[in-house]
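Please work from the sequences and hints to get the whole structure.
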Amino acid sequence: MAKVESSFKNMVLTLFIITLVASMALGGIYTLTKEPIETAKKAAQEEAIRQVIPEFDALKESVVDPVDGSEPLVFNVGYKDGEKIGTAVLSYSNQGYDPTTIKVMVGFRPDGSIYNTAVVQQKETPGLGTKMELPSFRDQFKGKDPGKFDLRVANDGGDVDAITAATISSRAFCAAVRRAYQTYKNEWEDEK
Amino acid sequence: MNQWLNFTKGFIRENPVFTLLLGLCPALAVTSSAFNGLGMGIATTFVLMSSNMVVSVIKNYIPDKVRIPSFIVIIASFVTIVELVMQAYAPSLFKALGIFIPLIVVNCLVLGRAEGFASKNSFVSALIDGLGMGLGFTFALTLLGAIREMLGSGSLFGYTLVSGDMILVFILQPGAFIVLGYLVAMFNKIKKSA
Amino acid sequence: MNDVLIFSVISLSAIGIVAAIVLYGVAQKFKVIEDPRIDEVEDALPAANCGGCGFAGCRNFAEALVDSATQHENIDDFFCPVGGTDTMNAVAEILGLSVEEKDPQIAVVRCNGSRQNAPQKIVYDGPATCAFAHNLFAGESGCPYGCLGLGDCVAACDFDAIHMNAETGLPEVNDKCVACGACVKACPRDIIELRPKGKKDRRIFVSCINEEKGGPARKNCKVACIGCGKCVKVCPFDAITLENNLAYIDPEKCKLCRKCVPVCPTDAIHEVNFPPRKPKPEKKEDGEKRGQPAQKKEAAEKQEAGKKNEAGKKNEAGKKNEAGESDKTNNE
Amino acid sequence: MEYFVIIISAIFVSNIVLAQFLGICPFLGVSNKVDTAVGMSFAVLFVMTLATLVTWLIYHYVLAPFQITFLQTISFILVIASLVQMVEIILKKISPPLYQALGIYLPLITTNCAVMGVALLTIGKDFNFLEAIVFAISNAIGFGLAMTLFAGLREHLDLMEVPAGMRGVPIALVTAGILAMAFMGFTGLV
Amino acid sequence: MGGVHPPENKISAGQKIIALDPPEQALILLNQNLGAPSKPLVKKGDEVKAGQLIARGEAFISSNIHSSVSGKVLKIDSVMDASGYKRPAVIIQVKGDEWEESIDRSKGVVKQISLSQKEIIEKIKENGIVGLGGATFPSHVKLMVPEGKKAEVLLVNGVECEPYLTSDHQLMLSKGEELLVGTSVLMKGLGVDKAYIGIENNKPDAIGHLSELCRQYKGIQVVPLKVKYPQGGEKQLIKAITNREVPSGKLPVEVGAVVNNVGTVFAVYEAVQKNKPLFERVVTVTGKSVKKPSNFLARIGTPVSMLIDQAGGLPENAGKIISGGPMMGKALLSVDTPVVKGTSGILIIDEAHARRVPLMPCIRCGRCVDVCPMGLEPILLAQLSEHEMWDKAEDQKIMDCIECGSCHYTCPAGRPLLDYVRLGKNKVGQRIRNRGK
Amino acid sequence: MNTLTISGSPHVHGDDSVKKIMYGVVYALIPAILVSVYFFGLGAVRVLLVSSIACMFFEWIIQKYIIKGPPTINDGSALVAGVLLAFNVPANMPSWILIIGAFVTIAIAKMSFGGLGKNPFNPALVGRIFLLISFPVQMTSWPKPSALFAGDALTDTVTGPTPLGLLKEELGKGRTVPEIMQEMPGYVNELLGNQGGCIGEVSAAALILGALYMLIRRIITWHTPVAYLGTVFVFTGILYFMDPLQYVNPLFHLVTGGLMLGVFFMATDMVTTPVSRRGMWIFGAGAGILTVIIRIWGGYPEGVAFAILIMNAFTPLINRGFKPKRFGEKVADA
Ligand SMILES: Cc1cc2nc3c(=O)[nH]c(=O)nc-3n(C[C@H](O)[C@H](O)[C@H](O)COP(=O)(O)O)c2cc1C
Ligand SMILES: Cc1cc2nc3c(=O)[nH]c(=O)nc-3n(C[C@H](O)[C@H](O)[C@H](O)COP(=O)(O)O)c2cc1C
Ligand SMILES: Cc1cc2nc3c(=O)[nH]c(=O)nc-3n(C[C@H](O)[C@H](O)[C@H](O)COP(=O)(O)O)c2cc1C
Ligand SMILES: Cc1cc2nc3c(=O)[nH]c(=O)nc-3n(C[C@H](O)[C@H](O)[C@H](O)CO)c2cc1C
Ligand code: SF4
Ligand code: SF4
Ligand code: SF4
Ligand code: SF4
Ligand code: FES
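Line by line, the protein sequences give chains A, B, C, D, E and F.
Be aware that the first sequence starts at 1, since it is given in our numbering, and climbs by one per residue.
Be aware that the second sequence starts at 1, since it is given in our numbering, and climbs by one per residue.
Be aware that the third sequence starts at 1, since it is given in our numbering, and climbs by one per residue.
Be aware that the fourth sequence starts at 1, since it is given in our numbering, and climbs by one per residue.
Be aware that the fifth sequence starts at 1, since it is given in our numbering, and climbs by one per residue.
Be aware that the sixth sequence starts at 1, since it is given in our numbering, and climbs by one per residue.
The hints are simulated quantities; they were obtained by calculation from the structure and are not laboratory data.
Each hint should be verified, as a subset may be incorrect.
Unchecked claim - Below, computed lysine-lysine pairings styled on BS3-like, alpha-carbon distance capped at 30 Å:
{"no.": "1", "chain 1": "C", "residue 1": "LYS176", "chain 2": "B", "residue 2": "LYS191"}
{"no.": "2", "chain 1": "E", "residue 1": "LYS150", "chain 2": "E", "residue 2": "LYS274"}
{"no.": "3", "chain 1": "E", "residue 1": "LYS330", "chain 2": "E", "residue 2": "LYS392"}
{"no.": "4", "chain 1": "D", "residue 1": "LYS125", "chain 2": "A", "residue 2": "LYS123"}
{"no.": "5", "chain 1": "A", "residue 1": "LYS123", "chain 2": "F", "residue 2": "LYS173"}
{"no.": "6", "chain 1": "C", "residue 1": "LYS233", "chain 2": "C", "residue 2": "LYS219"}
What the hints assert, rightly or not - Examples of chain A residues toward chain C, derived with CB under 7 Å:
{"no.": "7", "residue": "PHE8"}
{"no.": "8", "residue": "MET11"}
{"no.": "9", "residue": "VAL12"}
{"no.": "10", "residue": "LEU15"}
{"no.": "11", "residue": "PHE16"}
{"no.": "12", "residue": "THR19"}
{"no.": "13", "residue": "LEU20"}
{"no.": "14", "residue": "SER23"}
{"no.": "15", "residue": "MET24"}
{"no.": "16", "residue": "GLY27"}
Yeah, the Cβ is synthetic: ideal placement off N, Cα and C, and Gly gets one too.
Structure follows, in structure tokens:
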């Protein structure tokens, strides 16, 4: 079969057709996958929220500026039968070992104590900082009232046992939780 | 060409990673575990195969001067498809592979096969070539991932084999280079003796 | 149709078309005249621009290929890992380098000064390179023409075709030789010569390049060509010339009749891959200085026997060696 | 200070080649000689800055407003590819010496993860325009640093009798591994 | 910069120069100078006298050769030179010891310099004087300063930094007066009014003797020098005395200096003042196991074996025979080779020390770099040469190497650095010459 | 007559050899070995033995079965690497990890490149960094030094921080230098070796003693050490001068951590450092600057090992860029 000649018209036309087809195909696929992607994202978020506050049947999202004036945090208040049963605060810290921001979901009971924590994003060193995802570390926070439980690693004079050889990551984790707590407390006191 | 040979060449003789040294960035970056390697391999295989097929079909309708841009667009489209699909159905893997999914588009292997093979061969050959090369790539990434995972965290595909301290370097960047170095040496040797 | 689709189509097509038009315009405006073969070669390359060839991209590689083809008429040092041999053949074709078949040649080592034939008198203690030793001194045997045995030729061969024989200390060529001539160039003493492979792989040549007079030559090596001229006289085809005390057999003229081989008083002429010879009773008296024709014949026979054993496969030098050894025991 | 962090981080701490694994192909392919490596580095510096600049604009003024960011990959590669080709053609015409010094590396750069990778990372990190450019330049410098060091090491190894099995790429990779290990000393600097 | 301190081992230092009888047969090689070989003027059967011109140097850089003995020309044939290669030579069967009449054989020192500058150069050329410091460069060429350059100072090289060798030392002690006259002759030939005689501090007697004598000679001064090898290298000597560095690839005249060995100066004295061609020279025969280490005045063409016999015979345990000193000399293939104009000594090394030290991988200690008097990187040059990277070797100034051997001497790994550098110099030199064509 | 030998000039050779140099380094290490045994007891002995035996074993087996060359373990370089690797780990390092370190040192960092003289990176340091990255816990828990005769020598379970680690940690908590210095062992102890740390690095005095020996025997030259120490001293001195509350006295930097070990035994490893004097100056200064940067602003409390390794990578470029002064390069005015 003879090849198409490289004339200006042919070139532009070919490119045009190819980009046209490509963009249409992509647009189509995008529309198709848009839904699932959203769902997947939501699911991931909900999954984290579900971990850190008790069973709920409704969620209310709000954005709150933390006390220290840094980036706003996302609050998700969970309701069961119309009653508020917990608040999931998506907090973060930039003091991790890796420059990537560590994102931590912290769930508070209405009384201000921590229900549970979950790591949403981190890029710490595998085998060291990544241990923050393990229950063995996070369980320390379960049920603790930050009012009485010093949210700092033991090295810094707090009550948290750091992960061995990953004090930095532990410290960053604690900082995120502290930020969540302080913002939450602020909100919570405001509510009162 | 013997299609069986065409299919199998990607494994050892012309393994894209170990002997042709193409697509090394993903090969090094995402292979901190066997599973990631496998995922990346499959994604690349899909793009490779699909673009090979499309290129072999339309090869005669494309003027020479815009050949490369056209191929790039075709490849990029498939890459975007992979991106979207993965985001929808395998979000955690997508997250783990990071920017290396969109970077499939610049993987020399993909463009190289499209240009060097698919644009000159029949649909079937191109498909088999794409599949073979893709699987060779997948094989390489999985092997690399498996070794690094085993040495670095004592597990394989996430199953813990050895507990306790492992040699952390292997799942970090230096480990990637070093393991690949010795694997390339090994493949050179195999290729020579074969 | 939804918005997304429309926007996608519009933007992407726009980018595509703008890119095409701009590129076309720029290409026209900034045209540079170059060797058109560069474009052709570039087209033949995979355009993967991977750098695997060691060049900065396919075009750069194409330029290097065209350059090499123009200057050296070969592109053997280049390889594209993506395209492989097929691509390289295609490139060679574009550049008109499909070499027409020549008379197949092979490298022959024109020295038989093995450890036995040319015993070591001096110890050389230095880097194992012929090039250096050649500049330094005449050689461990004292023969200033002979093989130094340090294997520059072996190192030069890319085809695994030439190896040192540990026993004789001489290089031997095997049938992997492609007559590239690398060893010829590497040898500082011009010992190696490319000669036609010959009918049925048979060839006859003088395995010595010593230009000294008979006496001094024989002092260092038993199998040196002493320039006696007997072979010249006996050759019916005028294939042998004698210059500077050294006989040379012109491969074009030589008809492989083998007459010269037995008359050589020092066994300097080699025959390769011939069937064993029937003992010839009427052999002429030879060796004015040696005067030991009987032994000479014996040696020749042994040599042939050796050849037979090795089924004519192995190299000349190795075979000759046995003859040399018997010579030695008789001589000294 | 923000810019300082970006610079140090891109050059040393998360070096684009040794820590991010971008642009490995030219890192291994064109690092035989120091001179080539330096030439390549400058070409990368030029293209990376230009490409990041253009893709940043495209992203923020075309893709984002129309909410078609999923076309990021395809539009970026198109833009980068034509940009590089354009620069190459122009350079060849207006300054042959510069073309000899930089231009010959340009095609190689098109299909090199580093340029595309930096363009994508810039978007991922939400940099503003100036930050994006600083980021691109720093990464290019990081690339150049790793490349030049590596080329020096390889030239050195070329003069050594490396065991047959390891010669060439294998030993280069092991060397790169050790180099990456040494660069881990910079962790925590920012 | 650079340099090493090998043990001096000047065991023949106290031995007075003994004049040897002519040999039975003299083998006079036709190429005894750097540059083109000389054309023979005699043929088989000719009768010759000592001092008779038997070969003429026709090329610009070439020199005349004179018979060193009297007798009959046996043949013109090839003779084994030091490295075992056959070279053309005139072989003379010695009969008696009859010299050309024109030679002034009287004992006294002729101090009066009667010839003009031009005549001096002509005389030197006629009498076949070449540099006796090792390079055998025709001396008259050195005196013809190229257009546009100007010689300012003459340096007389009495350093003798090579271990073992003592011929120059003895010459300075026994022929001081002649040397100074010779220096004056050369100063006149060059048209300079300053000359320095450089002598290493390890020869205080020579320094004292010559300093004493040179008071009577205008413009000549003795300069004691630090003991260090290769202090006697031309460029090093110029640097040490004048503090000027000859630029890479340039001749000493570039910085206004001309260097001559004391042996050469003595030969010039004899040629110009006594009309005696260069046909004999002082040769040190030495070695740890040599019975009578000596300094001989030997005829050119004397077989080395005869010198060794005169020094008590070849020791049982001889493992290596070197023509010249241990640092720069050439190992001999056989003792049958004759003395040539460039033979400064015969050194016999025991078997135990004949072989090189075991070879180890280079540990990049940089000592070779430290000691290289030319500021080169011997290890790099050797590696480039080993890998046949000639272009780079040229860039790295491989041609500047003066082949002093300090690098190999000092290398703890025993790398044959100079061997490879020499190989590289050869190849690079060829390439440069080809380029010129 | 004997068979004559022919070789190119020179025909005599100096009396130094690679073997003498390597064993010279071993002798120079003896004072530090003794101090380490004194302070860390049997732990130090075990670490030293395991490391050097493992290194020599790997060298031997790889040379014999993989490279198939003449044996090289006698040249002493494997022993040097082994001892230096041991010097770079704490006394309580588990043997199996140490063996991995020895393998990395010899197999990866040395023999892969062809053995002695070919490796661009310092093998022992590659081993150390490899272990530091792979086993941060084990590599950073330091047994407290306790003099051999002080009674509790064998109950070495007490761990404590190194001065540099302590400094970095406490500074991180916002305390000032003078406060922290109260808890330090003091300069005399630090000089003698009574401080936490790897077994070989604790005693600056013993290391200097060894270095003097090497200097006298001309195994090393003074250029790199002077450049290195000088740079560290000046750089930290400037910082100290600017803010003595934040930055510690330069003397502290000199006697703590692995500086002396690195300066005298690792930055001087000729294989992996520049060959020319000019190059040595650059190498030393570069390593000094990097050491200080990593110590003060980096994530690791100690930066000597990384600094030297990074400078190793620069060595080929330094060799390329800083040539010795060529004779005749610049005509001196007469
Ligand atoms: C390669 C490597 C990766 C590391 N990754 C982390 C990490 O992810 N998180 C962390 O807190 N410390 C990490 N560290 C250790 C820190 O540098 C530091 O030693 C540690 O945080 C100090 O904590 P410790 O007091 O618990 O020993 C890493 C160390 C190395 C060598
Ligand atoms: C080709 C050539 C030309 C030379 N021309 C001159 C010259 O014109 N004037 C001069 O003084 N020396 C000349 N020389 C002599 C050298 O400067 C030098 O004295 C000689 O090579 C011996 O030095 P050496 O014993 O240190 O090796 C020349 C040497 C060579 C090789
Ligand atoms: C390394 C080296 C060492 C030398 N040592 C001496 C020496 O000790 N004495 C000497 O007269 N010439 C020595 N020479 C030769 C001089 O460089 C130079 O060629 C000579 O003095 C010139 O004088 P000539 O032409 O009269 O021989 C040495 C040359 C070299 C390269
Ligand atoms: C002064 C000196 C210092 C050395 N330092 C080291 C060292 O730090 N690490 C090491 O592995 N080997 C060292 N060696 C030994 C040897 O040079 C080293 O193993 C080589 O790098 C191996 O090729 C040293 C040798 C000398 C002479
Ligand atoms: S180098 Fe070439 S000619 Fe010589 S033996 Fe090898 S293949 Fe034959
Ligand atoms: S044939 Fe020539 S190159 Fe080969 S070993 Fe003999 S001398 Fe050397
Ligand atoms: S002296 Fe020897 S070991 Fe040292 S650098 Fe030079 S060649 Fe290498
Ligand atoms: S390189 Fe040449 S000049 Fe330098 S030390 Fe070696 S032999 Fe002497
Ligand atoms: S795969 Fe990254 S540059 Fe080739």
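Hint check:
1. LYS176/C <-> LYS191/B: holds (20 Å)
2. LYS150/E <-> LYS274/E: holds (29 Å)
3. LYS330/E <-> LYS392/E: holds (28 Å)
4. LYS125/D <-> LYS123/A: Roughly 14 Å separates the two Cα atoms, so the pair holds.
5. LYS123/A <-> LYS173/F: holds (24 Å)
6. LYS233/C <-> LYS219/C: Since the Cα atoms of LYS233/C and LYS219/C sit roughly 25 Å apart, the hinted pair holds (cutoff 30 Å).
7. PHE8: holds (6 Å)
8. MET11: It holds, given that the least Cβ distance between MET11/A and chain C is near 6 Å, below 7 Å.
9. VAL12: holds (5 Å)
10. LEU15: holds (4 Å)
11. PHE16: Holds, about 6 Å.
12. THR19: Hint on THR19/A: holds, closest Cβ of chain C at ~3 Å, below 7 Å.
13. LEU20: holds (5 Å)
14. SER23: Constraint on SER23/A satisfied, holds at 4 Å.
15. MET24: holds (6 Å)
16. GLY27: holds (4 Å)
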